[in-house]
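Asks: Sequence:
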Amino acid sequence: MHDKSLTELRAALAAKACSAVELAQHFLSRIDANQDLNAFVDVNPELTLAQAKAADALIAGGNAGPLTGIPLAHKDVFVTRGWRSTAGSKMLANYVSPFDATVVTRLERAGMVCVGKTNMDEFAMGSSNENSHFGAVKNPWDKQAVPGGSSGGSAAAVAARLAVAATGTDTGGSIRQPASFSGITGIKPTYGRVSRYGMIAFASSLDQGGPMAHSAADCALLLNAMAGFDERDSTSLQRDDEDYTRHLGQTWSASANAGASADKPLAGLRIGLPKEYFGAGLADDVRAAIDAALKVYESLGATLVEVTLPKTELSIPVYYVIAPAEASSNLSRFDGVRFGHRAAEYTDLLDMYKKSRAEGFGHEVKRRILVGAYVLSHGYYDAYYLQAQKIRRIIAQDFQEAFKQCDVIMGPVAPSVAWDLGAKGDDPLQMYLADIYTLSTSLAGLPGMSVPCGFGAGANARRPVGLQIVGNYFNEARMLQVADAYQRATEWHRKAPAGV
Numbered sequence: 282m283h284d285k286s287l288t289e290l291r292a293a294l295a296a297k298a299c300s301a302v303e304l305a306q307h308f309l310s311r312i313d314a315n316q317d318l319n320a321f322v323d324v325n326p327e328l329t330l331a332q333a334k335a336a337d338a339l340i341a342g343g344n345a346g347p348l349t350g351i352p353l354a355h356k357d358v359f360v361t362r363g364w365r366s367t368a369g370s371k372m373l374a375n376y377v378s379p380f381d382a383t384v385v386t387r388l389e390r391a392g393m394v395c396v397g398k399t400n401m402d403e404f405a406m407g408s409s410n411e412n413s414h415f416g417a418v419k420n421p422w423d424k425q426a427v428p429g430g431s432s433g434g435s436a437a438a439v440a441a442r443l444a445v446a447a448t449g450t451d452t453g454g455s456i457r458q459p460a461s462f463s464g465i466t467g468i469k470p471t472y473g474r475v476s477r478y479g480m481i482a483f484a485s486s487l488d489q490g491g492p493m494a495h496s497a498a499d500c501a502l503l504l505n506a507m508a509g510f511d512e513r514d515s516t517s518l519q520r521d522d523e524d525y526t527r528h529l530g531q532t533w534s535a536s537a538n539a540g541a542s543a544d545k546p547l548a549g550l551r552i553g554l555p556k557e558y559f560g561a562g563l564a565d566d567v568r569a570a571i572d573a574a575l576k577v578y579e580s581l582g583a584t585l586v587e588v589t590l591p592k593t594e595l596s597i598p599v600y601y602v603i604a605p606a607e608a609s610s611n612l613s614r615f616d617g618v619r620f621g622h623r624a625a626e627y628t629d630l631l632d633m634y635k636k637s638r639a640e641g642f643g644h645e646v647k648r649r650i651l652v653g654a655y656v657l658s659h660g661y662y663d664a665y666y667l668q669a670q671k672i673r674r675i676i677a678q679d680f681q682e683a684f685k686q687c688d689v690i691m692g693p694v695a696p697s698v699a700w701d702l703g704a705k706g707d708d709p710l711q712m713y714l715a716d717i718y719t720l721s722t723s724l725a726g727l728p729g730m731s732v733p734c735g736f737g738a739g740a741n742a743r744r745p746v747g748l749q750i751v752g753n754y755f756n757e758a759r760m761l762q763v764a765d766a767y768q769r770a771t772e773w774h775r776k777a778p779a780g781v
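Using my numbering, read the sequence shown as starting at 282 and increasing by one per residue.
Treat the hints with care, as some may be off.
For lysine to aspartate or glutamate, the following EDC-like pairs were computed, each having C-alpha atoms within a straight-line distance of at most 20 Å [said to hold, decoys possible]:
| hint | residue 1 | residue 2 |
| --- | --- | --- |
| 1 | K424 | D317 |
| 2 | K636 | E626 |
| 3 | K576 | E772 |
| 4 | K592 | E557 |
| 5 | K647 | D707 |
| 6 | K285 | E772 |
Hints were generated in silico from the structure; no laboratory data involved. These figures come from a predicted structure and were not determined experimentally.
Please model the entire structure based on the sequences and the hints provided.
Replies: Okay, here's the thing in structure tokens:
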């Protein structure tokens, strides 16, 4: 059953071909058999089977929704009652939350069955999922490679068919990049679409939750349940609820003059290609896969338009000023007093603070706290943080200028396919550069997604490539339509790692 899509499993449950309990048991056994991937940090069969039994009761009573009984994994940045909520850190290694995050609550109300909590880069800081206190996650396509980060555990779990879907969070690309590296589909909605309540904070003006699954159609169903206004989150946007599946399978334009037809469903669609995304630094095998995907879009009736995002290269320094600044503030609450790791020996309160934080945080988290504290300090706030916020606004304006010429923007998710485990561990800057194509979208608060579109070449022939699709604000339904049309015409999203 693990090779079926969310939609196919929904049909199987409705037809009584299997029960939610049987599905849950099946996926729990797969998680147990694939522990070498290190994709999960906590599994609780008792809680999982209790949720599955509740889902079966809903199905038997005729009260099932489109997601009832479907196995799901949660990124361990979402607090969950009953499971540990660690954020991949020693600081929270044994923390069990007394409440659920809004995302967890919404998906549980939709009838989904949680099979466990997935590994992640500590406090979502990383691009490879090697920064976790619980060890690195392995890429199911090639176990010598990273799965991407920080939602690497979620991406690996979906790719290896250990869960039908998973939640992730994207601060600077942490849904899109692991989705690309692991050959699955993932979407970062417009900032504020999905509640951050109960999401362990990294950078509050950037963090955004989203779904990870095999297809755009599956992600649309998940987003229907996840998105919505939450009064407990001050950054949550108050908008009418949407059906994100409403455009799936439809032609882009209803106008006959646009030439839309069954053979050309995307006639009238203008795809913007930022010249900054296709310059030096983009690997040849990634470029080849992206070019092939764009040819498919042309065959579906879309038109390619060159656009420019001139401040793209500034997105890295801007992000690595703003995100660490917000992290240094958010992580100040972890001091060993009320919850989290506390040093065993200390002389006074200040010594307890110092030792607890020194022992509880990993190297990357400490690095970003130090950077953040520096750029917020007296005498440097104006020179760094304020300037970065000004450039952030210019980056957002660049996108709006581009969207005057196109409907969606496309390009690579990352400059290369997944790299080897340990290959960039000693060079943080090289790790940061891997986010060059995703950071600007996050800084602008725009929705973006990754869809599988091929594989690397030569020694990288088993490592997936993702196509990035970026839409304008609140344009998720149309963006999902564009991704779905591509997936109806190709089979990349159906491919599975060897042995799965």
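Asks: Are K576 and E772 close enough, with their CA atoms no more than 20 Å apart?
Replies: With a Cα-Cα distance of about 15 Å, the restraint between K576 and E772 holds, given a limit of 20 Å.
Asks: Just to be careful, I want the Cα atoms of K647 and D707 compared with a cutoff of 20 Å; is the pair within it?
Replies: 15 Å, holds
Asks: Is the Cα-Cα distance between K285 and E772 20 Å or less?
Replies: 14 Å, holds
Asks: Are the Cα atoms of K592 and E557 separated by 20 Å or less?
Replies: The given pair, whose Cα atoms are some 9 Å apart, holds under the 20 Å limit.
Asks: Between the alpha carbons of K424 and D317, is the straight-line distance 20 Å or under?
Replies: 9 Å, holds
Asks: Under the criterion that the straight-line Cα-Cα distance not exceed 20 Å, is the pair K636, E626 satisfied?
Replies: Holds - the C-alpha atoms of E626 and K636 are around 8 Å apart, at most 20 Å.
Checked against the numbered hints above, the structure breaks none of them.
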